[in-house]
Structure formats: C-alpha cells, structure tokens
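Enquirer: When you get a sec, could you build the whole thing from the sequences and use the hints?
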Amino acid sequence: MCRWLAYTGRPLYLEDFLFKPENSLINQSLHARKGHVATNGDGFGVGWYGDRQEPGLFRDIRPAWNDENLRSIAEQIRTGHFFAHVRASTGTSISRANCHPFQHGRWMFMHNGQIGGFDRVARELDFAIAPDHYRMRRGTTDSETIFLLMLTYGLERDPEHAAAQALGKIVDTLAAAKVEEPFRFTAAFTDGRRIYAARYSTDGQSPTLFYGCGKGVRAAAGGECSEFDGGSDSLLVLSEPLDTEKGHWTAVEENSLLIAENGRVEIKALRPLRARIAA
1 MCRWLAYTGR PLYLEDFLFK PENSLINQSL HARKGHVATN GDGFGVGWYG
51 DRQEPGLFRD IRPAWNDENL RSIAEQIRTG HFFAHVRAST GTSISRANCH
101 PFQHGRWMFM HNGQIGGFDR VARELDFAIA PDHYRMRRGT TDSETIFLLM
151 LTYGLERDPE HAAAQALGKI VDTLAAAKVE EPFRFTAAFT DGRRIYAARY
201 STDGQSPTLF YGCGKGVRAA AGGECSEFDG GSDSLLVLSE PLDTEKGHWT
251 AVEENSLLIA ENGRVEIKAL RPLRARIAA
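Numbering of the sequence shown is given in my numbering, commencing with residue 1 and proceeding in unit increments.
Fair warning: there could be bad hints in the mix.
[What the hints assert, rightly or not] Label pairs and their in silico Cβ distance ranges:
1. SER93 with LYS246: 30 to 40 Å
2. ARG137 with GLN53: 14 to 24 Å
3. GLN76 with ASP172: 42 to 52 Å
4. ASP203 with VAL265: 22 to 32 Å
Everything labelled a hint here was simulated from the structure, so no lab data went into it.
The beta carbon of each residue, even a glycine, is placed where N, CA and C say it ideally should be.
Expert: Here it is as structure tokens:
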C-alpha cells in the first residue's frame, strides 16, 4: 500500500513535513509503521497550489528517499495547500503515469488501497467512464480509474455525491463479477480550497487515516516551520502520524468523509450510492 499526506493552512516549505518530522513522509517511504508493507519505493509525487489556477506537479519513479531533486524542490517550494504521496505498487507498472497525485484542471486526487480483483472488472469500469474523461487516462492503476469515475459522476459540481457514486459503481461491479477480494479505499482529493478525505472498505479494514490541527501540526514538524505559527487554520490529513504524540492526531473512522477548509473539519458518513452520470 501507499503513504500520503495533505496539508492546508499557513504557507510553509514542503520539507517541513516531507523530511523534517520524526516520522516524515520520506521516513514512511522506507519504514511505514501502519501500512501492510513497510517500504513504499515505487515512485512518488507532490502537487501544490501557487499563483496559478491549476496545481503544479512533480512525479517520478525513483524511491522518494533517493531522489535529490525532490529534496531540492522541497527546500524551495512554499505553499499553503499541497499533496504528497509515496507509492507501493499493487501490481501495475512503475511509471510516472502511475504515480500520484493525479490531476485534472484544479482538482488533484491520491489514493491508498486497492480494488480487489481489479483485473476482472477493469474493462467494465472503463466503460463507465465518460469519453471526455477516459481520454485523459495516462496510466493503468485502479486509483486513476476511481478518479476518472469521480469526475464522470460530477466531482467538479458535487464532490460528496461523486465520491459516493463512484464507490457505488465499483461495489456493484465487483458484486456482479462475483469478486470476493475486498475493495479498500482511503483517498484525498482537493480543488485547492477544500480537502476531502475518504475512508471506506467492503471488509472493514481500509487503510488508516488521521488528521491533526493547529499547534500539533507545528509540533510534529519539530517547531521548525519557517514563518509558520501553527495557527488554528493549519491542518494535516495523512495515512499515519508524523510523531508518537497521540494528542496531536485524531483517527478517522471507517465509512467516513472528512471535509476540511480554513481550519474547520467536518466528518460525515460515507456510503456507496447508485451511480448516475452527471448531467
């Protein structure tokens, strides 16, 4: 499985969470503490919002801990909204096109999990993707399939319903194909303003998800965030905590959708819905 984190709040440098913390994302790429596999070395990606409408992306296939370019840009890029992901392939090829986050317009998406039996349902799910969005496909992962389904079901208009309908389509397709392997989905998606983070599975064992706010975020980075005071508007959503201080982190339960904006966090129930194409 993969490890990822999403940040929104006061502008800071990427290195403050990618490299500096006790259990930084780079450390998790080598020694994940809460994943099914300890090493996530099949590529990485970062996506950030700056002065332009659409986010910047940097993705590569080298292990995150062994890429000097990642360290260099992490020391230079300062932003108030970014995604970062380290990948452990679940069977698809190691390529830039398969590295997260995926991007369309202002939207970014990254995922940790797996559609069980994906090889048996991939064709059927592809047929459910709207032609305009299917032409965007560059890779071969189930994660990109989920993102394209969410776009098909209206992500840009109603993110909550789009996510629920994409889950519904996948669950229904797996049932029709009599696939017994579980579908596990822990993901984040954003339009540059709000962060949405979802946790769902068909077997009650989806990958972990946590969030932390305010002073705990600063403390996790060792209090070293440049010009960053750990104000109440700062928030991290991530696969696993950056330190061992339990008071800094709150676990997100199964079948939940977290919505974060301007330091406010709302958590709603997440259930698959019957999929309908957005008008």
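Enquirer: Next, verify each hint and record whether it holds.
Expert: Status of the hints after comparison with the structure:
1. SER93 with LYS246: 30 to 40 Å: Cβ of SER93 to Cβ of LYS246: about 38 Å, so the range 30 to 40 Å holds.
2. ARG137 with GLN53: 14 to 24 Å: Given a distance of about 23 Å, which is inside 14 to 24 Å, the answer is holds.
3. GLN76 with ASP172: 42 to 52 Å: holds, 46 Å
4. ASP203 with VAL265: 22 to 32 Å: holds, 26 Å
Hint violations for this structure: none, all hints satisfied.
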